[in-house]
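Novice: With these hints in hand, go ahead and build the complete structure from the sequences.
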Amino acid sequence: MNNYLEVKNLSKSFDNFRLHDISFTLPKGYIMGLIGPNGSGKTTTIKLILNMLKRTEGEVKILGLDNIADEQAAKKSLGVVFDSNYFSDDWKVSQVEKSVSVFYENWNTQRFSELLDKFHISPAKKVKELSKGMQMKLMIACAFSYDAKLLILDEPTSGLDPVSRDELLHILSEYIEDGEHSVLFSTHITGDLERAADYITYISYGELFFSGGKDEFVDSFRIVKGGREELSDDLGKKAFGIRDFATGFEALIKTEDIKLFAHLNVEPATIDDIVVFTSKRGEQYE
Amino acid sequence: MSNILKSVKLDFSLVRPYVKTICFTMVLPAVFAAINRSLLTGISFAMCFIAMTSGYTFSITEKNDMERLYSILPVRKSELVVGRYAFSIIMGLLALIFSLITHPVILSSLGETVSTFDIACAAAVGIFLFALYTVFQLPGYYKFGSIKGRVFMYIPVAGFLATLFLITKIPADNSGWLITVLSSPVLVLLAAVLVVIMYVISILVSVKIVQGKEL
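Top line first, the protein sequences correspond to chains A and B. Residue 199 in my numbering sits at position 199 of the first sequence, and the numbers go up by one each step. For my numbering, count along the second sequence from 1 and bump the result up by 1000.
Bear in mind the hints are in silico, worked out from the structure with no lab data behind them. Any given hint might turn out to be false.
Heads up, incomplete: computed chain A residues facing chain B, CB under 7 Å, no partners named [to be verified]: (1) Leu53; (2) Val80; (3) Asp89.
Quick caveat: nothing in here was measured; it's all calculated off a predicted structure. Every residue, glycine too, gets a C-beta built ideally from N, C-alpha and C.
Specialist: So, in structure tokens, the structure goes:
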């Protein structure tokens, strides 16, 4: 099996929001970043994958297993980390293991102890005594202890200080090194993706904007800059967004359109640029 | 280990930090039984108290947002529900056994006569009352959560007060009908069947609620 996660035409309707026709594939051995502005549908997508929400349409396969029909089997190989701890605050770390390990036949106690040592987590500490970063690592230690093949993280880096974020990204990179594990993590901190992600799935306003390789994503766009007098209607039509300053402008365009604006300064776009400009849906703003 | 037993174990680990509090609540009914010199009221009180603690698992889950943990475990939702019912019943039985041992001892030390039949009657009433309370409480907690569904915590209190009221209405010399009822194997069997049916319906309702829930 080459794909650890397959999402096809996934849709979910709420009264005031609709996630529509989301499709993407995460191959074995890679990290995918799920990005988009707040409220774009990242968490909804993850909840649909985990069957925490009922989909309106579509299909989700986790390690080749349907996420609803084969939910139990699929979840045996799935690790999940949310943006906040999901264990009882009153549990000691050792109690976390006792409570969770029974659910996984391949739980490795020695591995759990090693991970606690590596992450500097004392088994005698209560969950509520751990910092947010430590709680995140505890959730990861649990997932690694039953050798979860696919790790899904929902906004894991939000609320973490730069050191903890760096450590977390390092842990994820190590995790996929053997080529047998994959990671899907949602974030709006695009700097994390520049460093760790191999693939990007970008959801904007409930719609899939892009899904594919990170380099392909970044290479697909360019930033053009120029004086205000160089801002033309043609550029307005082609640009995904224009930032208008007193002294000039900058706009995001498709790389294939560069030739049309060869007279302007062209620079590579960052993931941040792409998200910010495309989130404005081509509207001009200052 | 079956998934239901694993769920029971998980629920036990949730309330583990509160075991001392729960044990303490079992002392009060013993005192109550001593003051009233009545095994039946003591047992009724004990079952009321332990039924009230059935909301602990829901409160702890809600406080810690642990629905997310339950949703990622490789267990069916129905197994988690049955596990919680099993845990609640185990707690009820433990409380009943504790009370059936301690209350007669206390009452005997106070000079009251407690026969085996009295104990059997108290056990039957205790089981029935506990079942009656929890079959309504648990679906209520599943539907509304422990905070919005706090009103369900008071079902046992209402039930206990009603029981107390009924007991005082039975003249001491006219309790023959109760003895007749409780000494009739057919009626006791019917009550047992009723308890089982109530639990089955309650579990089915709870499973439906949980399966329909979105997080």
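Novice: The structure should be examined with respect to each hint, and the outcome stated for every one.
Specialist: Against the structure, the hints come out as follows:
1. At about 5 Å, the closest approach between the beta carbon of Leu53/A and any beta carbon in chain B falls short of 7 Å, and the interface hint on this residue holds.
2. Among the interface hints, the one on Val80/A holds; its C-beta lies about 4 Å from the nearest C-beta in chain B, closer than the 7 Å criterion.
3. For Asp89/A, the interface hint holds, since its Cβ comes within 7 Å of a Cβ in chain B; the closest pair sits about 6 Å apart.
In this structure, none of the earlier numbered hints is contradicted; all agree with it.
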